[in-house]
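K.L.:
Same order as they appear, the protein sequences are chains A and B. Numbering (the working numbering) for the first sequence: 6 to 238. Numbering (the working numbering) for the second sequence: 48 to 394.
By construction, these hints were calculated from the structure, which means they are not laboratory data. Zero decoy hints are in this set.
In silico SDA-like links for lysine to any residue, alpha-carbon gap of 25 Å or less:
{"no.": "1", "chain 1": "B", "residue 1": "Lys236", "chain 2": "A", "residue 2": "Gly213"}
{"no.": "2", "chain 1": "A", "residue 1": "Lys224", "chain 2": "B", "residue 2": "Leu240"}
{"no.": "3", "chain 1": "A", "residue 1": "Lys151", "chain 2": "B", "residue 2": "Ala386"}
{"no.": "4", "chain 1": "B", "residue 1": "Lys289", "chain 2": "B", "residue 2": "Arg316"}
{"no.": "5", "chain 1": "B", "residue 1": "Lys248", "chain 2": "B", "residue 2": "Ala94"}
{"no.": "6", "chain 1": "B", "residue 1": "Lys236", "chain 2": "A", "residue 2": "Ser25"}
{"no.": "7", "chain 1": "B", "residue 1": "Lys248", "chain 2": "A", "residue 2": "Ile24"}
Computed from a predicted structure; not experimentally measured.
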Amino acid sequence: MKRIVPLWITAIVGVVLIISNFVPWTRSWGEEATTWFGIIAAVAFVLGGGSLLKVHLKKISDRNSGWAYSMIVLGTFAATLAVGLFKIGVSPNPSFPDVPWSGDVQGQGTPFWWVYEYVFKPLTATMFAMLAFYIASAAFRAFRAKNFEAMLLLGTAFIILLGRTFAGYFMTSWIPIDGPFSGLRLEELSVYIMQVFNTAGNRAIIIGIALGIAGTSLKIIMGLDRSYLGGGD
Amino acid sequence: MNLIDRMASLDRRWIFLMMGLAVGIPIIVIGITGKTLPEEPTPLAQAAFNVLDDLDPGSRILMAWDFDPASEGELGPMATSFIRQCAQKGHRMYFIALWPVGAQMIRSSTSRVIGGYYPDLVYGKDWVDLGFKAGNEAVIKTIVTDFDQYFPTDARGTSVDAIPMMEGITSLADFDALVNASAGYPGSKEWVLYAATPLKKPLIIGCTGVQAPQMYPYVPNQVQGLLGAIKGAAEYESIVNKWVRSEQLLDALELGGITEPTSSELAARFTENPAEASTWTTEAAAAAMSPEAKTRLIEIANAPIPGIFLEAQRRMGPQLVAHLLMIGLIIAGNVIFFANRRRGVSQ
Chain A
6 MKRIVPLWIT AIVGVVLIIS NFVPWTRSWG EEATTWFGII AAVAFVLGGG
56 SLLKVHLKKI SDRNSGWAYS MIVLGTFAAT LAVGLFKIGV SPNPSFPDVP
106 WSGDVQGQGT PFWWVYEYVF KPLTATMFAM LAFYIASAAF RAFRAKNFEA
156 MLLLGTAFII LLGRTFAGYF MTSWIPIDGP FSGLRLEELS VYIMQVFNTA
206 GNRAIIIGIA LGIAGTSLKI IMGLDRSYLG GGD
Chain B
48 MNLIDRMASL DRRWIFLMMG LAVGIPIIVI GITGKTLPEE PTPLAQAAFN
98 VLDDLDPGSR ILMAWDFDPA SEGELGPMAT SFIRQCAQKG HRMYFIALWP
148 VGAQMIRSST SRVIGGYYPD LVYGKDWVDL GFKAGNEAVI KTIVTDFDQY
198 FPTDARGTSV DAIPMMEGIT SLADFDALVN ASAGYPGSKE WVLYAATPLK
248 KPLIIGCTGV QAPQMYPYVP NQVQGLLGAI KGAAEYESIV NKWVRSEQLL
298 DALELGGITE PTSSELAARF TENPAEASTW TTEAAAAAMS PEAKTRLIEI
348 ANAPIPGIFL EAQRRMGPQL VAHLLMIGLI IAGNVIFFAN RRRGVSQ
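Using the sequences and the accompanying hints, generate a full structural model.
P.N.:
Listed below in structure tokens is the structure:
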């Protein structure tokens with residue numbers, strides 16, 4: 006039963022969504038199924054929170070390596086959740102001054118806003134910015150012209166790296182922009198690579214992926230692929 | 048130990064230091080001098096501008112901010128310029144987000160641009176913040192036919208029935224164009240697949256450098272304008288800045304009694320070369336203008352562009368030096384590689 010019900014739900018919703026794309030009078034069925042998806046997506050946030058708690062509480066109770074980090078995760082999770090859910094420090098909406106919880110939780114100056122502005126925002130921006138340092142180190146140690154393909158990749162990388170900055174314009178600005186060789190200007194070359202070589206390759210990949218998704222979806226709808234249910238079936 | 052061996056065993060912290068300086072020094076220099084590198088807009092950036100420019104004032108533009116603080120460095124300036132062009136043109140802006148922190152991105156960009164430079168725009172009449180909705184592409188699929196189902200209220204909890212500019216909005220088909228600033232999933236691709244393509248609506252995308260190669264295949268039929276990374280943002284920003292300055296000059300000239308087509312020609316000239324405005328006002332052709340109108344014209348022509356509208360162009364400086372450093376490091380790494388291979392040293 007635990008497996009049959011999900012299989013039927015998947016099959017029915019899958020068929021409905023396909024049919025609703027081709028049969029006009031069944032369009033509302035597809036919309037209904039999409040609405041259910043929206044509800045499930047909202048509930049998934051709660052499940053996600055539960056899962057986070059489960060994983061980290063287990064890590065703390067087992068004293069696994071890095072359990073102290075789990076404590077920080079749970080502490081900050083609980084604090085942010087409480088601040089947002091209970092609208093701590095939020096002033097009532099001026100239109101409804103007698104309703105204490107009518108204020109905007111994300112409004113400037115609220116504790117929730119403070120957490121976002123001074124904790125979340127700098128931390129995520131810092132994490133992303135650190136990529137530049139690791140990419141530079143990787144470029145020095147790993148990007149080698151070991152064979153012809155690697156040389157092509159290197160050449161392309163140089164053109165794009167230069168073409169996406171003023172250096173590209175500066176280095177090849179002597180080539181007349183309206184002359185027959187204007188395509189050799191680095192900024193033009195980088196656009197050409199992106200619009201021709203990249204587009205050709207990506208379109209092939211996209212079409213391949215789309216066909217793969219269609220095939221896999223059919224297998225899931227027909228119950229032939231049950232890997233999404235777990236259990237290695 | 049020779050130079051090659053020393054370089055081969057270079058501590059990665061030196062590379063980190065070099066990258067830190069490559070980014071930090073240009074930021075400081077640009078901050079002090081205020082100078083930016085010139086930008087030559089590519090056709091894709093120009094096309095993005097044209098989509099919004101070709102629409103009549105008052106058109107309904109859906110602005111989907113699907114990014115977070117991690118990618119704000121690239122996408123924040125695009126969002127700023129999108130809002131500026133729409134606000135200047137008089138379009139009605141409807142903001143939504145499919146990313147949880149996209150809601151904060153909407154607040155941040157609208158408060159900076161609309162709050163700071165277009166205070167006359169009225170919330171609910173000229174722009175509305177509909178906030179974040181969970182559900183990824185399901186949100187798009189639903190609002191393609193039924194907008195109210197996901198957005199019965201705005202981000203402040205006001206019913207859409209009480210928001211004047213929501214009147215007549217029943218689905219995505221009621222919008223004139225879609226603008227999306229995206230840092231991943233759900234984002235640009237989903238807007239192409241589930242909204243722009245079935246509805247045949249103009250779509251402008253601003254995305255991160257990593258995403259851009261995946262979006263090029265959809266240009267120009269499904270995506271009409273594409274801004275890739277900070278370079279795309281800088282190009283678009285420079286177009287919008289010039290256009291806004293040109294519009295302001297045109298207004299000043301027409302208020303001073305200069306009529307078309309002379310006013311347009313002069314506005315274009317003064318936008319390219321602000322110093323010409325001072326010279327022109329002393330000529331006989333400007334005799335019809337009052338001294339106040341002339342002063343106003345010169346002020347507009349020479350007014351500095353606010354820093355908020357130069358963010359992308361300023362970031363091109365650090366990007367230039369960082370890219371040159373990357374190229375230098377790749378070359379150095381390969382010199383070591385070939386030198387060692389020649390000496391028979393295992394890699």
